[in-house]
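Since the structure of chain A is provided, determine the placement of chains B, C and D on it from the hints.
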Amino acid sequence: MNGGMSKIVKTISSITFPLALIYGLYIIAHGHLTPGGGFQGGAVVASGCAMILVAYGSIWTMGKVKEKQLSILESLGAIAFIGLAFLGLIFGFVFFKNFLIGEGLIFDNPALGLSDIYTAGFIPLMNFAVGLKVIAGLFAIVLVMAYATTKKEAKTK
Amino acid sequence: MSKRAIAGAIFFSIVAVFLVFSALMTHSFGNPDETEMDQYIIDNSQEEVGADNSVTGVVFDYRGFDTLGEATVLFTAVAGVILIFRRLKK
Amino acid sequence: MIYNIPFIAVVALVLIGLYTVVFKRNLIKIVIGITLIESGVNLFLITLAYRQDSTAPIWHGITASSDNVPFMSLPVPHALTLTSIVIGVAVLALMLSLVIHIYRHYGTLNVNKLGGDEE
Amino acid sequence: MNIEQILDTFLRHSPALIVAIPLLGAFLTPLISKINEKARNAFVIITILATNFFIFLLASDVFAGNIHTYVFGARNISTPLVRILFEVDGLSAFMIIIAGILSLAAVIYSWSFMKENTGLDKFYTLMLLMTAGMLGMMLTGDMFNFFVFLEITSIASCALIAFWTNKGKAVEAGFKYITISAIGALFVLFAIALLYAQYDALNIAVLANNIQYTFLDKIALVVLIAALAMKAGIVPMHMWLPDAYGRAPASVTLLLVGATQASLYGVFRVCFTLYGKRLGTTIAGSIGEGISLYILLGTILVILAIVTILIGVMMALKQIDFKRMIAYAAVAEIGYMFLAVGAGLTTLGTAVSMNAIKGGIFHIINDALDVGLLFLVAGAIYYATKQTSLNNMGGLARNMKYTTVFFLIGLLAVSGMPPLNGFASKILIYESVYQVNPVLSIVAILCSILLLAVFIKVFHSAFLGPEQPDLKDVKEVPKSMLLAMGLIACIIVFFGLFPEMVVNNIVQPAANALASNMNYISQVTGVI
Numbered sequence: 089m090n091g092g093m094s095k096i097v098k099t100i101s102s103i104t105f106p107l108a109l110i111y112g113l114y115i116i117a118h119g120h121l122t123p124g125g126g127f128q129g130g131a132v133v134a135s136g137c138a139m140i141l142v143a144y145g146s147i148w149t150m151g152k153v154k155e156k157q158l159s160i161l162e163s164l165g166a167i168a169f170i171g172l173a174f175l176g177l178i179f180g181f182v183f184f185k186n187f188l189i190g191e192g193l194i195f196d197n198p199a200l201g202l203s204d205i206y207t208a209g210f211i212p213l214m215n216f217a218v219g220l221k222v223i224a225g226l227f228a229i230v231l232v233m234a235y236a237t238t239k240k241e242a243k244t245k
Numbered sequence: 002m003s004k005r006a007i008a009g010a011i012f013f014s015i016v017a018v019f020l021v022f023s024a025l026m027t028h029s030f031g032n033p034d035e036t037e038m039d040q041y042i043i044d045n046s047q048e049e050v051g052a053d054n055s056v057t058g059v060v061f062d063y064r065g066f067d068t069l070g071e072a073t074v075l076f077t078a079v080a081g082v083i084l085i086f087r088r089l090k091k
Numbered sequence: 714m715i716y717n718i719p720f721i722a723v724v725a726l727v728l729i730g731l732y733t734v735v736f737k738r739n740l741i742k743i744v745i746g747i748t749l750i751e752s753g754v755n756l757f758l759i760t761l762a763y764r765q766d767s768t769a770p771i772w773h774g775i776t777a778s779s780d781n782v783p784f785m786s787l788p789v790p791h792a793l794t795l796t797s798i799v800i801g802v803a804v805l806a807l808m809l810s811l812v813i814h815i816y817r818h819y820g821t822l823n824v825n826k827l828g829g830d831e832e
Numbered sequence: 091m092n093i094e095q096i097l098d099t100f101l102r103h104s105p106a107l108i109v110a111i112p113l114l115g116a117f118l119t120p121l122i123s124k125i126n127e128k129a130r131n132a133f134v135i136i137t138i139l140a141t142n143f144f145i146f147l148l149a150s151d152v153f154a155g156n157i158h159t160y161v162f163g164a165r166n167i168s169t170p171l172v173r174i175l176f177e178v179d180g181l182s183a184f185m186i187i188i189a190g191i192l193s194l195a196a197v198i199y200s201w202s203f204m205k206e207n208t209g210l211d212k213f214y215t216l217m218l219l220m221t222a223g224m225l226g227m228m229l230t231g232d233m234f235n236f237f238v239f240l241e242i243t244s245i246a247s248c249a250l251i252a253f254w255t256n257k258g259k260a261v262e263a264g265f266k267y268i269t270i271s272a273i274g275a276l277f278v279l280f281a282i283a284l285l286y287a288q289y290d291a292l293n294i295a296v297l298a299n300n301i302q303y304t305f306l307d308k309i310a311l312v313v314l315i316a317a318l319a320m321k322a323g324i325v326p327m328h329m330w331l332p333d334a335y336g337r338a339p340a341s342v343t344l345l346l347v348g349a350t351q352a353s354l355y356g357v358f359r360v361c362f363t364l365y366g367k368r369l370g371t372t373i374a375g376s377i378g379e380g381i382s383l384y385i386l387l388g389t390i391l392v393i394l395a396i397v398t399i400l401i402g403v404m405m406a407l408k409q410i411d412f413k414r415m416i417a418y419a420a421v422a423e424i425g426y427m428f429l430a431v432g433a434g435l436t437t438l439g440t441a442v443s444m445n446a447i448k449g450g451i452f453h454i455i456n457d458a459l460d461v462g463l464l465f466l467v468a469g470a471i472y473y474a475t476k477q478t479s480l481n482n483m484g485g486l487a488r489n490m491k492y493t494t495v496f497f498l499i500g501l502l503a504v505s506g507m508p509p510l511n512g513f514a515s516k517i518l519i520y521e522s523v524y525q526v527n528p529v530l531s532i533v534a535i536l537c538s539i540l541l542l543a544v545f546i547k548v549f550h551s552a553f554l555g556p557e558q559p560d561l562k563d564v565k566e567v568p569k570s571m572l573l574a575m576g577l578i579a580c581i582i583v584f585f586g587l588f589p590e591m592v593v594n595n596i597v598q599p600a601a602n603a604l605a606s607n608m609n610y611i612s613q614v615t616g617v618i
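Residue numbers (my numbering), protein chains in the order written: chain A, 89 to 245; chain B, 2 to 91; chain C, 714 to 832; chain D, 91 to 618.
A hint or two may mislead.
Said to hold, decoys possible - For lysine-lysine, the following DSS-like pairs were computed, each having C-alpha atoms within a straight-line distance of at most 27 Å:
no. : chain 1 : residue 1 : chain 2 : residue 2
1   : D       : K476      : A       : K156
2   : D       : K205      : D       : K491
3   : A       : K154      : B       : K90
4   : D       : K491      : D       : K476
What the hints assert, rightly or not - Derived Cβ-Cβ restraints for the label pairs, each shown as a range:
no. : chain 1 : residue 1 : chain 2 : residue 2 : range
5   : A       : S102      : C       : Y716      : 47 to 55 Å
6   : A       : I147      : C       : Y716      : 53 to 61 Å
7   : D       : T304      : A       : T122      : 35 to 43 Å
8   : B       : I15       : D       : R102      : 43 to 51 Å
9   : D       : Q302      : A       : I100      : 57 to 65 Å
10  : C       : R817      : D       : T304      : 43 to 51 Å
11  : B       : R5        : D       : L536      : 37 to 45 Å
12  : B       : R5        : A       : T122      : 45 to 53 Å
13  : D       : S551      : C       : R817      : 32 to 40 Å
14  : A       : P106      : C       : A769      : 24 to 32 Å
15  : C       : I729      : B       : R5        : 40 to 48 Å
16  : D       : L97       : B       : I15       : 46 to 54 Å
Simulated from the structure, these hints should not be mistaken for lab results.
Where is the CB? At the ideal position from N, CA and C, for every residue including glycine.
With the rest of the complex left out, here is chain A (with noise of 0.2 Å):
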């Protein structure tokens, strides 16, 4: 086994991933509400991908997800942000423009007196985009960081 810890880590870091999932979807869901937002979220879930890269070692994970992947995923992350910011450009007329807010039903303002709670318009899309592309993103970084340096190591052992 090349790189991965014993078999405490593996179980341990397998129990709470999902802990670590859960936390960060839930912050990247949040965002427009509490402290948070795609950002601050993706960077928790793509820690504990890291977590398990660590327990698992680089080359069991790169046999599961390779960085292409993660790649396509990180551009479907920020098509889907700046495609968007061209729905403002489309139905707002400026580019940009928060062209749910205001205008349709479900993502209203309360101050007008069409939904309970505040929804900001395209913000809990753009977060969720966000927070895709920072998943994506910063766990491809990691992943091809480790990969590239334990494959050396693996070559003069």
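Just chains B, C and D now, kept in the frame of chain A:
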């Protein structure tokens, strides 16, 4: 002392003087002079953006283009790291 | 003067980082120095946000029209710091991967010993 | 919707689209490259072409005298200005034309030049990101946004400089570049924070309107100019430039020239727009205290610029590596631009200053084209012969006819020979610097002649002379590279033949934008 170290020391001391002066001349901690823009955001972000969190309102709406740039920086870094660690042979 | 202690801390951080970058010859230490400068600048931005007796700029269950609206700190520096931190992470990742490559090539992290073999 | 309405809509949104289209293209490139390589290359070229379309649409309108503003996320400028704002005046429009031409030439050139390499999907992604970063720096009207785009540009260019990771020198050059640019960018951020702390604003126009010239402002000014000049490669901090220019792939170097000039644009913008409020009063006659600061700053810049020119030319004389030699010539050219800025600052408010600024601005585009063309020729020679050292070349003119012609055009232009564009701008700089100090002007002319000598030597040893035995079956480079070089060469010849037209139509609006920042400010603050 090599020539390099002397040049470094001069550069370092000039920057140090500048920074110390700027620290002493800045407004006293906790009492910013001008708060017009920020007060406007605090007062109106809930109404205009619909977000309870004013910081999120700034990050994704008022200064949303910065956030696009920030996301792009991360994208750039990921592309750069993958590019640097690519296989060199086809 | 005494109220400027946070700014003095900022300057100390930046100067320690700059000292590391200018005088240390180890690549990893240079990277650490740049990270220190970045932390100093981030600290400066976030200290600018503070107003005396202010809370975080989050409206929790209240609106601007309700009673006892809390005195809030400035939100823009928070956003700027957030952006700057993410940029710092990106720069750090790229610098570290370049350091890994340099180490692979030359087998050393000392700046003075680089550039031995002309390709 | 008829065609005019559509064009009008495009024009209104073009400041945002110029940055957004390359960004969208960059995000889509990893997906498109799943299809095949040709589709990806074509997609990248189409993206850049679309960007160029918007650039010329916008620039033609700005040169007609309008200043465009674009607020992100709202239809109108509100007060206080909380949103990010793009503001396009003559100078911005002038700079984005340069960036557009350079990026178009770079991607066309890359089609054949980079064919043999792996990792091309990331390469093209980063090229697009770098283009977007440069364009963003040139268009933005917001200090923090400027910093963000500065970082995008420097991170993307760092990764591209280290593209040939099997060469240790390239990785080292990349590390040097990222160190310098990270420190520079952090100090830019520090200066922005200083300005923010005092005026609670980030918009350039609002800051310029409120600026009080306090001590902190002066610190911020010095820090901003030092950091940006460091990124532009002026002398005490020029060491990264020959490495970075010399080790990067040729098409990347072409874009790096643009990135360097984006930093230079930052210097212009900070000197003349952000801190330019006193300009209007000094022209009217009353000399404020700001003027002494300008003279001090201008003198320092002139001295540094002369040293830069001298060091650049002297180092170029003794290089044997072709690309490093051109890189040092590029250092010297940057010196000429700073010389013009410095002369413009010291003689602020007079007709000489206007001439100096005009010369400096005209020299920006000339330098980008001339040095860029030379780098492309160097890349073509490397592609054909796999040699970088001048000692191993000889007699290339027999087999590479077109490349030789392009090199000849480039060398005459870069050393300021009369029929070509380099002459037209350098003569303006010489004239204005002569008013500041005749000695400086003579030194500048002598250095220009030395530069000609350097390149004549290269021309003689590499293109003429006896044929090297192992270079017998060198072939002309592929068509896409010739097309890119031809594009730039045509523009150089055109500028050389009609300098008056260029100066009147393109350079004059940019110089006017620098001479007075009142229009720039009132466009934002006056509308409210």
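Against the structure, the hints come out as follows:
no.: 1; hint: D:K476 / A:K156; result: violated, 32 Å
no.: 2; hint: D:K205 / D:K491; result: holds, 23 Å
no.: 3; hint: A:K154 / B:K90; result: holds, 18 Å
no.: 4; hint: D:K491 / D:K476; result: holds, 18 Å
no.: 5; hint: A:S102 / C:Y716: 47 to 55 Å; result: holds, 50 Å
no.: 6; hint: A:I147 / C:Y716: 53 to 61 Å; result: holds, 55 Å
no.: 7; hint: D:T304 / A:T122: 35 to 43 Å; result: holds, 39 Å
no.: 8; hint: B:I15 / D:R102: 43 to 51 Å; result: holds, 46 Å
no.: 9; hint: D:Q302 / A:I100: 57 to 65 Å; result: holds, 59 Å
no.: 10; hint: C:R817 / D:T304: 43 to 51 Å; result: holds, 50 Å
no.: 11; hint: B:R5 / D:L536: 37 to 45 Å; result: violated, 30 Å
no.: 12; hint: B:R5 / A:T122: 45 to 53 Å; result: holds, 51 Å
no.: 13; hint: D:S551 / C:R817: 32 to 40 Å; result: holds, 36 Å
no.: 14; hint: A:P106 / C:A769: 24 to 32 Å; result: holds, 29 Å
no.: 15; hint: C:I729 / B:R5: 40 to 48 Å; result: violated, 20 Å
no.: 16; hint: D:L97 / B:I15: 46 to 54 Å; result: holds, 52 Å
The structure fails hints 1, 11, 15 (numbered hints given earlier, in ascending order).
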